[in-house]
Amino acid sequence: MKFSISREALLKPLQVVIGVVERRQTMPVLSNVLVQLEDDVLSVTGTDLEVEIVGRLTLNGEGHQPGAITVPGRKLMDICRSLPESGTIEFSESEGRAQVQCGRSRFTLATLPASEFPNVEEGDAQHHFQMPQSQLKRLMDATSFSMAQQDVRYYLNGMLLEIDGDVIRSVATDGHRLAMASSPNTGAPADTKVQAILPRKGVMELSRLLDEEGDATVFLGSNHLRVEMADIRFTSKLIDGVYPDYQRVLPRGGDKDILAERDPLKQACGRVSILSNEKYRGVRLQLSDGLLQLQANNPEQEEAQEDLMVDYSGGTLEIGFNVNYIQDVVNNLKGDNVLITLSDPNSSALIQDPADDSALYVVMPMRL
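In terms of the working numbering, the sequence shown opens at residue 1166 and continues consecutively.
Among the clues, some could well be false.
[To be verified] Listed next, the in silico SDA-like pairs over lysine to any residue satisfying Cα-Cα at most 25 Å (straight line):
(1) K1366 - E1426
(2) K1366 - Q1190
(3) K1240 - R1221
(4) K1167 - E1227
(5) K1167 - R1239
(6) K1177 - P1297
(7) K1499 - E1426
(8) K1167 - F1282
What the hints contain is simulated information worked out from the structure, not anything from laboratory work. All values reported here derive from a predicted model rather than from experimental measurement.
Use the sequences and the hints to build the structure in full.
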């Protein structure tokens, strides 16, 4: 195996795949990336057995020799980063060693055979459709913060992707809050109805790879999701489980609407949270006509209070929330205003952008 390539060109696929390459692995080959050259197409593959990412590029020039080998992923990337920006890298492999040469710099890396590199078993894709990358990225970014971290209900440690006819939805919940975003999906047949739970790492990596331009082709099987972009192929196993019926969680019949400016609300939450209980992060909201009062205190008897002028005329109400959950929602909304709908102190709040109903957020109250 032998090829020459510019430093910048090799860095690009390495940066694409390195997110799934762990430093410490039970299987040494998982710390490596698979470097494969076939018909002038160079592909770099990284995997952690759950997520697989392939970055591809076409080589120019002649004198390339096809082949495949695995080399330590992070070491190769660190070497490329350390080389001069305009440098040309000569990569070759012989006798179980990979040589990387650029100008007066020479590096020899240990290798493992390409045959030891694991493949993520994909199976047959039962559904596939095409959509703008920016659209898919918005769906994921709008909800991913609500995924659980290490919940014993393993299906909550991921994101639900649901295709419901001409609508594609993303849903995430940790049991205390829920985020749901939807987008038109003209690429799927009108009678399509399918759900898939993408694991947390897959969500984070796919969101990182999606661009603001170009299309993505999504292939959905019974236990895998594959997304093809221009020079990138992303594959992830799916979580085997049944996602909760999120429609039942959405509050119905709330009669108290609070319309607040987003930036002042965001800043008020940030200031009041400084003196909230570090463990429970509780903040009390006291509502009266035209006024929202935020209050927080902690075990050291310290207190914070902020008054915020809002559009509200539903009488007095007192309710508590985890301030982090409110901040996460407000940070993810893009409009100038925030609409919070409540019914009573024991019911969840429904939060959204009044000018854009494509994303809805539910936050459960807490006793203070």
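A quick look at each hint next to the structure:
The hinted pair formed by K1366 and E1426 fails the criterion: a straight-line CA distance of about 34 Å is larger than 25 Å. Between K1366 and Q1190 the alpha-carbon distance is near 16 Å, which keeps this suggested pair within the 25 Å criterion. For a cut-off of 25 Å, the pair hint linking K1240 to R1221 stands: about 19 Å separates their Cα positions. Restraint check for K1167 and E1227: satisfied, since their Cα atoms lie roughly 11 Å apart, inside the 25 Å limit.
For the suggested pair K1167 and R1239, the alpha carbons sit about 20 Å apart, so the restraint of at most 25 Å is met. Among the hinted pairs, K1177 with P1297 is consistent with the structure: their alpha-carbon atoms are about 22 Å apart, no more than 25 Å. Taking the CA atoms of K1499 and E1426, the gap is about 11 Å. The hint holds against a cut of 25 Å. The suggested pairing of K1167 with F1282 holds, with an alpha-carbon distance near 20 Å, which does not exceed 25 Å.
Of the numbered hints given earlier, the model fails hint 1 alone.
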